[in-house]
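Visitor: The lines below spell out each chain.
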Amino acid sequence: MKITEDRKIVLDQDFIKLEIDSSDKLELEFEPVNDCNVFININSVNELTVKGETKADQRVSLFFWNGCNEPVCISSFFEVKENGELILGFGECNGADTFIDATVELKEKKAKATVSTASLVNSEKDYRIRVINSAVNTEAQIKNYAVVLNKGRLTIDAVGKIVNGAHKSRSHQVSRALSFEEGQKVTILPELLIDENDVQASHAMSIGRVDENQLYYMMSRGLNIRECTMLISMGYLLPIADIIEDKELQDTIRNQLENRIRELCLM
Amino acid sequence: MKKGYGDDMKNLEIKDLHVSVEDKEILKGVDLIVNEGEAHVLMGPNGNGKSTLLAAIMGDPRYKVTQGSIIYDGKNILEMPVNERSIAGLFLGMQYPQEINGVTNSDFLRAAMNVRREKPVSLFEFIKEMEKTINDLQMSEDLAHRFLNEGFSGGEKKRNEIVQLEMLKPSLAMLDEIDSGLDVDAIKIVADAINRIRKENNMALIIVSHYERFLELIKPEFTHVLVDGRIVVSGGPDLYEKVDQEGYDWIYEKYGVKPEAEEKKERISIGSCSVKESLKGLGL
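Chains as they are written, first to last, in my numbering: chain A, 189 to 455; chain B, 217 to 500.
Only chain B is shown next, with the shape it has when bound in the complex:
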């Protein structure tokens, strides 16, 4: 029997979370409980708060929590700096992983492994584990010696996030569109790795994804739809299947919500075409 919330399990409890970015409120009261080992998918139109929620849980300094609480494993993580949240078991696989020149993947990962261990990982143990993980994700053998994400393709960056996930073994992984930029074969490789890690570590998952194919491979047990900064409906796998087939219009209608329109980028003129200008001068 599954243990209930409040037992000695690592659970995440979010209550009435309000988050702003540059004085604009993005999350307007989110409530969510994710118990150890559970997989949840966050769906919703773009620009309605999915990535903001994950970034706020991880502690991205650009996102300001103005109200509400986030408790993980009994601790108020809003009081913890980003690195301590990571050591507490949280992991965010980012939509746009940073490129860091001069820092190799192996140095970075070894340092990240060491901060969560009492005794530093031996070089032999580290190399063995890194080689196995690179092999699992079917990445190139020189990954360990390459600079962190530098010059990586979009797909390689996403797979490298999963390499880090596998090496760091978090208890709650948040994956923000980790499937975007991956081809069909790579999606399968990544999903297999995530499922294996889940099984080995009883890791909980919060996934943001638009692709049903990826969700079919991960099989999350819970679905939540975020519209205009609130979770408007939650359900099981049938909900993401319905969204995949019918879109969000029925949700707007049924729950009386209106999505936040994605910010449109205005066109910027970079000047006049000199040929066009010269033709004008000739009266053409």
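So here's chain A without its partners, still in its complex pose:
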């Protein structure tokens, strides 16, 4: 990995792990050379802005893991060129507030992007995710999964936009928030802004407590309500780790999420 004079981070390896530990604002610009898988561990930062692009025929995956103890604001903007693929993931189970603003523009034909978030919400989390299909035959997926605990407040604004002229494009999104008890504040705004006819678009959304029939079924095998909720929560959040290709890191993130869910659910 190199840093150029104009402060661009050249991603020239298959797998790169970055640690962010800063008390200031930080602006990063990524420049992938080949296909690559990047893991960004955010330990502390006040404001983080990330930019980058996926070049033609490249496959780039970036996973941001928020481990900050203080509130953080993360903004990202990526462009995907012809036949390129961007996989962007945000995961967190920390106790501090977070604001994430992620925009991906599918600039050229056959570009693809998947933006996923997974959050165990015990503070205030605010996500604004936008994927714009600007060219023909492009494909966008937004997947948001959250488990909201007692003190949690969650807002997800997910926008899929297909511009005029982006024929045969696809924009799909799913946002699901599982809450433990009544009274938690969860707002999900799924938006599809479609300005072309021969396209496919869909959104699915659910907010609520664990289904009572499912609870009864699981309890009939001996699990109490907390244990059922814990298993279902893990099912919501652990798949985010699949984005990381490095097995050791994948296990680390799974374990962190699992331990945190266990700790908070079995309290």
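Treat the hints as calculated values from the structure; they're not laboratory data.
Since this is a predicted model, take the numbers as computed values, not measurements.
Where a beta carbon is used, it is the ideal one built from N, C-alpha and C, also for glycine.
Wrong hints could be hidden among the right ones.
What the hints assert, rightly or not - What follows is a list of derived Cβ distance ranges for each label pair:
hint : chain 1 : residue 1 : chain 2 : residue 2 : range
1    : B       : Ser450    : A       : Ser394    : 42 to 52 Å
2    : A       : Glu207    : B       : Ile343    : 33 to 43 Å
3    : A       : Asp399    : B       : Gly370    : 45 to 55 Å
For this one, chain A is given, so just place chain B on it according to the hints.
Guide: For chain B alone, coordinates are given in the frame of chain A:
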């Protein structure tokens, strides 16, 4: 010699059980004793309380016990939440098992095994047992990693209930139409598994089934016929054979009972056919 009721055996005793669903009384005074190791079959026309009885024993919150008692292994299980009934040894193989996205069969079963053990089951021991059980039930090897019942066919769901039964080793299993949705070969596989578990654990059984073929394979020693929320006649294997051959009419006549009619679903119009409407407009 078989021990009698009241010895140190795990027995189920139901007395004068009344159960309602949404203020409608379904069970109107059921008495039943199931001793350890015994197999009982519940028969009766649809909508007369068989599934309700099993659900009430398991503790389904939709079913409200308004009168009577259920004692299992000397404990009043009506005071116990569903999970504690399970840990006490009860198991209900459901007619419509739930699909649970995101929870794999292996995570679910391992958690369910651990709650009934002092020391958690080791990963090695669990995998060994799960593989053996999957093999016994002739299910696909990827079962452990699939989400709980999600995308399973009707038959796979039923077999997966038996996978859970074999892994959790209850002392009393209730199987609610576990044979429905199974083809002839699968019925044999499931029945063989149930018989093997019974033999190994001296497990008691309460089966709800309409298929004589399944009952022939399980060979329950006791038969009860439930009509309009009450057990109107009990007997041995000859009773289910007679019901299979002659139906229930002779029971209605002999015992002066009338079955509760199954609720008919009314037809709902989803609107008019636009073609038909346009033809009407043309006077055709």
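Visitor: If any of the earlier hints don't hold here, list their numbers in rising order.
Guide: Violated hint (a single one): 3; every other hint is consistent with the structure.
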